[in-house]
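Residue-level listing of the chains:
2 protein chains.
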Amino acid sequence: PGKLKNKVTKVAKNTIKLGKDDPRRVIHSLKVAMALTLVSLLYYWRALYDGLGVAGMWAVLTVVVVFEFTVGATLSKGLNRSFATLLAGALGIGANHLAGLFGEQGEPIILGVLVFLLAAASTFSRFFPRIKARYDYGVLIFILTFSMVTVSGYRVEGLLEMADQRLVTVLIGGGTCIIIAIFLCPVWAGEDLHNLIASNTDKLANYLEGIGGGEYFQLPKDGKSTKVIKNDGYKSVLNSKTTEDSWANFARWEPGHGRFKFCHPWKQYLKIGALVRQCAYQIDTLNGHINSDVHVPQEFLQIVQASCITMSTESGKALKALGTAIKTMKDPKSACQHLETSKNAVEDLHIALKAASLENADVLAIIPAATVASILVEIVKCVEKISTSVHE
Amino acid sequence: PGKLKNKVTKVAKNTIKLGKDDPRRVIHSLKVAMALTLVSLLYYWRALYDGLGVAGMWAVLTVVVVFEFTVGATLSKGLNRSFATLLAGALGIGANHLAGLFGEQGEPIILGVLVFLLAAASTFSRFFPRIKARYDYGVLIFILTFSMVTVSGYRVEGLLEMADQRLVTVLIGGGTCIIIAIFLCPVWAGEDLHNLIASNTDKLANYLEGIGGGEYFQLPKDGKSTKVIKNDGYKSVLNSKTTEDSWANFARWEPGHGRFKFCHPWKQYLKIGALVRQCAYQIDTLNGHINSDVHVPQEFLQIVQASCITMSTESGKALKALGTAIKTMKDPKSACQHLETSKNAVEDLHIALKAASLENADVLAIIPAATVASILVEIVKCVEKISTSVHE
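For the record, the sequence lines run as chains A and B. If you're matching positions, the first sequence starts at 1 in the numbering used here and goes up one per residue. If you're matching positions, the second sequence starts at 1 in the numbering used here and goes up one per residue.
Extracted from the complex, chain A is given alone in its bound form (with noise of 0.2 Å):
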């Protein structure tokens, strides 16, 4: 009794930090329970008055079935399910008259066949990485309504009667998802995607930040300093693609809101996620370098010391200020400075490195610092890339 006693707690503990962590989550079930409900209540009445069970049912399982966390991904079901439900129901009518010509025996011959070919076909059409991230679920309703059309076995004034009650049903469960989903709370993918560009760049700007301000520079004033960084918050940009993707798949299907066009270049975020991703890449092997146990020479870190700062600090402030600039969709003005500075910085740490003798050096113990002040080049090239991005 203990242990299910702690098993529960810990279960309500997660339950309400899931909730916290975005209240969204809330809502969007409170939402989905509202627009069930309505329908089902619908359905209720017309099954008890009107006995028109079986149709009401398609507005449930519509609702169910369409009804998404985001305002795109509903809008993009709810679409493509009525498109492929009128598409499939049209060809089926078609493809019911055809069969019928060919007589009592070969009406379920040319059936088969039919079904046969059109869903072989469809479920490869799924495979082109087009068709699968944006028509995917049209084309299994596709599949599913032309097979169900084909072969009920009604006569075609039967099937016109039913195609027109599914219909009106679907539009029904559908249409309340889509007024729901956009009128009441709304969460848009598109200001999703935005936000995560957005969050990502702030991420990797703070992990600069740390470092540059971090201990891995300091002169060892007070014997042994050389505390890890924990700063593990970027890593999370590095498996970031798939969520990006999704995201501006379903962005394109949203209508203008708040902020954005219809026609919000959601591609470019694509790309400047990609950039950040690159840039992230950099950092995890930064992170490595900096996270060893090598002890910098005092004679090299003073050469390099003041330029990498420089280098890490600014391009971190640089990537912060492309952040809010993201995030406002304003000119980043002051990205351009720190970014300014940073690449001086790199210049700097050139003439200096220039200038330097290392006749009594250890150059293995150098090459750790000089990777990393390597890599802080490297991002900082690619965070001029980044802005270059945002700017378009």
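Worth double-checking, as some hints may not be accurate.
Intra- or inter-copy, both count: the list cannot distinguish identical chains.
[Unchecked claim] Below, a list of computed lysine-lysine pairs in the BS3-like style, where the Cα atoms sit at most 30 Å apart:
| hint | residue 1 | residue 2 |
| --- | --- | --- |
| 1 | K10 | K271 |
| 2 | K17 | K241 |
| 3 | K10 | K132 |
| 4 | K17 | K271 |
| 5 | K7 | K17 |
| 6 | K3 | K267 |
| 7 | K132 | K5 |
Just so you know, the hints here were simulated from the structure itself, not pulled from any lab data.
Following the hints, put chain B in place on chain A, whose structure we already have.
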């Protein structure tokens, strides 16, 4: 018309390429079509002779929705669907019974409240990462079935009959899918995961061997010979996390097959995959340095050349041996040897650098090469970790 023709030929070419790249796609399409035709014809005949048109529909629906590319995904969806339907059906009948106690007026209110509460709770539960990964589809079907059964407005006897019909048809549909998926040219998610990890390891190995034998570390004998190595095969490794995660999830549902037992340690694959990806990040950084235009001064190159070439070639060979070991599930003995050689090369590099004096050297020009060497050292460490993981 010329444009249209161009487009058609382009689509046709793409289609053929898609099929050739992975012939299992064509087979999968035919399998789905077969399952669907079988179930459809069954439905057709039942609709004609027994008048059970509506219930038979569920078999068609189940086939279309459940049949996925891999056995694991199909099993996961099929089992999720069956259990969720059972559970929700039972609960729904209970809820209907309960609501019936409140009389004509109270019934819809109680039903509405019940649907609202359950829908909200279930929708929220889909945000838990573990439920999302494994039971997302089951929860969806649970909400769907529960609300449909609850509000269908029949009395309990009618419900039981309906539930019976539905269950039989869902089982027919699901059973057909699972049998065809497993016994007709099965596509195992586990095997795909296995091959993916092995081929990712191989890609990194090819890259490392490529730069080892490439021109970056060659002394420029015949003037300028800084041809840039183009080997971007490793890039796909950077973003493979999502695929690996989902395949590992599906693999868990699969029964034992071929060389894989039922409780094959799929998690270990994810661990190796993560390490391989980390190594890929480092290679990405390395790639940036190697493809820059900086000339390495000859005197420094002479110091590091031998050990750098050995490090990259041997760690490449070690990775290749590990990839083969993963593929064939044998103990990677030769990998250990190559790893030893590359670790010795790291030692050699350290000794060479300690002995070297760089009095007249251009420190600035050395740094990129030093960085490359240093990253190679990190890669060797990473390869060692991968090796340990593979051994487990």
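Enumerated hints in conflict with the structure, sorted upward: none
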